[in-house]
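Undergrad: All chains should be built: construct the whole structure from the sequences, respecting the hints.
Note that the protein sequences, when read in sequence, are chains X and E.
Under the working numbering, the first sequence is numbered contiguously, ending at residue 1313.
Under the working numbering, the second sequence is numbered contiguously, ending at residue 271.
You may find that some hints are simply not true.
What the hints assert, rightly or not - Here are some of the chain E residues that sit facing chain X, going by a computed Cβ distance under 10 Å:
#	residue
1	72
2	73
3	76
4	79
5	130
6	159
7	177
8	213
9	216
10	240
11	242
Honestly, the hints are just simulated from the structure, not real lab data.
All of these numbers come straight from a predicted model, not from anything done at the bench.
Where is the CB? At the ideal position from N, CA and C, for every residue including glycine.
Chain residues, written in single-letter form:
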Amino acid sequence: MATPTLPFLQPIEEVRERLLKLQSEPSSLERDDALAVTKRELEETIESVFSDLTPWQRCQVARHPERPYTLDYINGTMTGFVELHGDRSFADDPAIVAGFAQLEGDPVAVIGHQKGRSTSEKVRRNFGMPRPEGYRKALRVMRLAARFGRPVVTFIDTPGAYPGIDAEERGQAEAIATNLLEMARLPVPIVVVVTGEGGSGGALALGIGDRIMMLEHSIYSVISPEGCAAILWKDQARAQDAASALKITAPDLKQLGVIDEVIPEPLGGAHMDPPTMCRSISAAVRRALKELRRSKTDALLQRRYRKFRTMGRFLER
Amino acid sequence: MKNPVNMPRGLWVKCESCKEILYHKEVRDNLLVCPRCQHHFRMTAEERFDMLFDGGKHKLLFQKVRSADPLGFVDTKSYRERVTAYTRRLGPGDALLVARGEIARRPAIVAAMQYRFMGGSMGSVVGEKMTRAIELCLSRRLALISVACSGGARMQEGVLSLMQMAKISAGLARMRDRGLPYISILSDPTTGGVTASFAMLGDVNIAEPGALIGFAGPRVIEQTIRQKLPEGFQRSEFLLEHGMLDMVVPRGELLDAVVRCLNCFQPS
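TA: Printed below as a string of structure tokens:
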């Protein structure tokens, strides 16, 4: 694998390399024994590394270069994806994909941030950082979904909104704000799955829904740990401290009452076993949609309002 | 923050834009606008209420809502200490004051931010007070006017600050559904999560001249693209030109503009 290994994952990589080497050797009694032992060793190593991840390490798992991206999840959980393009006013933003597909036979609209895998693809997708036309495309597809009575599923994985001149010129603040307002009253069920990085406003612009879930090693934050460290500690190198202080992990957000559910990841993270990850996501989303479909639209929207209305903690005296 | 109170209280003040030494009372009588260069000094929430409400008469609302410390956040100082120090110096109310009064003899709610309280950052208290302001407008069928002045979300409350954007925007969706007018005034500076929620969602968006308005801060953009930003970028006039604002109005004419806009939406 060409990708550099994160230091804390090094022990896992070492065992994995030994395992691969053994697997390539011809079968023998001795080799087979060693193989079984090494397999167990790999599992134990992964377990010990992952049982005790710091928030900063989770952040790095969430950004892992091999982590599945939105199109991987769409293709792994849905069939017949028809991708739609463009916001009808300015451009198509490749940092967000949107369209319609079937989830186990049920038609849904699906929208998500998209990062690139190769260097050229990364640049084309702007590292998953949307421009205003991306949010506006997303809203266009959500309105289509509402018109045709399709529930909406969103996958969130972005470092954040794009801090560029063009994005500001075309009003990214307005585009994000409008999505928040319109998603709050979109008259169909919305299920949100944070799959990787939930980066601030760029994430929230796809993040209003009736059920909000996070993959076990994903993160969701008001600002990147690096950004927070630079501002509050005046030192980007303090990102580890900021990652802990900001409470950005899935269990943290569950505890803060911001998300409904943590979807467990396969041992070692989603990238170790994408098919299993897809099955878990599919099951969780279908379960949520099944419950949400029972509500009348008014009740659905009332509950969605209450859900966000009660977020935040303050004292009153 | 070296000088959180934007307008020094001495007999004389120096304009931070043209550096002219000015007689304090003269600036104050001019709605905190420099009589020489028209630079708009930052206003406190109370000064906004005095300017917008008939005779300055108003009643503060929701003043009992106070910051908790939901994350137990500590950077170089604890969040609790920071909030306590600001509150001791500036009084209760956090970075947003909400008041009820009359504008052109019609009851209205004004929600005004104060930059001097932790850079006007939006945490749970700002979100809650703003949402209560909206809900009061909904139940009494009142017009809402907000005055934004903020560096963005309050990092010390983490993702809960982010969610205030969602909470407030959901309330504003209800204002739209019920046909109640909402006028957003943007002052210097309006950035981050406040811009990307209520500040940009007015039925009418009005900015004061020369205000910095954007989502990403200019320094962050410069670091990303590694070049100097063009003159006037992210200023009110720039946003007007790019279609994000309805008007740029000098402070002396702001009340008149608000009244005329409210009249546009008043039931006939």
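Undergrad: Minimum Cβ distance from residue 177 of chain E to chain X below 10 Å?
TA: For residue 177 of chain E, the interface hint holds, since the closest Cβ of chain X sits about 7 Å away, which is under 10 Å.
Undergrad: Going by Cβ atoms only, is residue 76 of chain E closer than 10 Å to chain X?
TA: holds (5 Å)
Undergrad: Under 10 Å, Cβ to Cβ, is where residue 73 of chain E needs to be relative to chain X, so tell me if that hint holds or is violated.
TA: holds (4 Å)
Undergrad: Holds or violated: is the Cβ of residue 159 of chain E closer than 10 Å to a Cβ in chain X?
TA: holds (8 Å)
Undergrad: With a cut-off of 10 Å, does the beta carbon of residue 213 of chain E approach a beta carbon of chain X closely enough for the hint to hold?
TA: violated (17 Å)
Undergrad: Was the hint right that residue 216 of chain E lines chain X, CB cutoff 10 Å?
TA: Holds: closest Cβ of chain X sits about 8 Å from residue 216 of chain E, inside 10 Å.
Undergrad: Would you settle whether the hint for residue 242 of chain E is holds or violated, based on the nearest Cβ-Cβ distance to chain X being less than 10 Å?
TA: Result: holds, 8 Å to nearest chain X Cβ.
Undergrad: Once the shortest beta carbon distance from residue 130 of chain E to chain X is found, is it less than 10 Å?
TA: holds (5 Å)
Undergrad: Just to be careful: measuring from the Cβ of residue 72 of chain E to every Cβ in chain X, is the smallest value less than 10 Å?
TA: holds (9 Å)
Undergrad: Given a cut of 10 Å on the nearest C-beta pair, is the interface hint for residue 79 of chain E held or broken against chain X?
TA: holds (6 Å)
Undergrad: Going by Cβ atoms only, is residue 240 of chain E closer than 10 Å to chain X?
TA: With a minimum Cβ separation of about 13 Å from chain X (threshold 10 Å), the hint on residue 240 of chain E is violated.
Of the hints listed earlier, those the structure fails to meet are numbers 8 and 10, in rising order.
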